[in-house]
Amino acid sequence: MTAEGIRALNPTAFGPSLAPYSQGTVANGFCFVSGQGALDERNDVVAPGDARAQTVFALRRIETILAEAGASLQDIVSANVFLKSFDDFAAYNEGWKDVMGDNRPARATVRGHLFLDDMLVEIQAIAVVPS
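Just so we're aligned, residue 31 is where the sequence shown starts under this note's numbering, counting upward by one.
It is worth saying that the hints were derived from the structure and are not from the lab. No residue lacks a Cβ here, since even glycine has one placed at the ideal position from N, Cα and C. Check before you lean on any hint, since a few could be wrong.
What the hints assert, rightly or not - Restraint ranges, calculated between C-beta atoms of paired labels, are given here:
(1) P78 / N58: 31 to 39 angstroms
(2) P46 / D117: 25 to 33 angstroms
(3) A33 / K127: 33 to 41 angstroms
(4) S115 / S47: 20 to 28 angstroms
(5) D148 / Y51: 14 to 22 angstroms
(6) E34 / A120: 38 to 46 angstroms
(7) R134 / A33: 29 to 37 angstroms
(8) K127 / G35: 31 to 39 angstroms
(9) N73 / S102: 19 to 27 angstroms
(10) A33 / A138: 24 to 32 angstroms
(11) T139 / P78: 27 to 35 angstroms
(12) G79 / R37: 32 to 40 angstroms
(13) G79 / A38: 29 to 37 angstroms
Please build the complete structure, drawing on both the sequences and the hints.
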């Protein structure tokens, strides 16, 4: 059950969540996107070993979630990115630029232990939902 005024987003194109959470929630004019990695509809990691491809795939997942909220990647105001290794920073940054172009939301990038062994990149985002 969600609280009044909060809408949960779980795109049908995605497989079932790996844990009890929503892929995104909309509240008070914002869309809060859960951490997204490069997972296919079976929850298998896409492009193991390729941080650039995983970044692009994760951003495309975010794009799908935002579309359900009526927003787009251009509406992202903040993102937190988790990398398995800073050795992948340049490749991740290239994938980010490939998708985001000149859009420059606030962003933090940290190293962290990710949930799945082959996952190199996870991206969490907050976007404004246009009225």
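Hints versus structure:
no., hint, verdict
1, P78 / N58: 31 to 39 angstroms, "38 angstroms, holds"
2, P46 / D117: 25 to 33 angstroms, "32 angstroms, holds"
3, A33 / K127: 33 to 41 angstroms, "37 angstroms, holds"
4, S115 / S47: 20 to 28 angstroms, "26 angstroms, holds"
5, D148 / Y51: 14 to 22 angstroms, "21 angstroms, holds"
6, E34 / A120: 38 to 46 angstroms, "45 angstroms, holds"
7, R134 / A33: 29 to 37 angstroms, "32 angstroms, holds"
8, K127 / G35: 31 to 39 angstroms, "36 angstroms, holds"
9, N73 / S102: 19 to 27 angstroms, "25 angstroms, holds"
10, A33 / A138: 24 to 32 angstroms, "27 angstroms, holds"
11, T139 / P78: 27 to 35 angstroms, "20 angstroms, violated"
12, G79 / R37: 32 to 40 angstroms, "36 angstroms, holds"
13, G79 / A38: 29 to 37 angstroms, "33 angstroms, holds"
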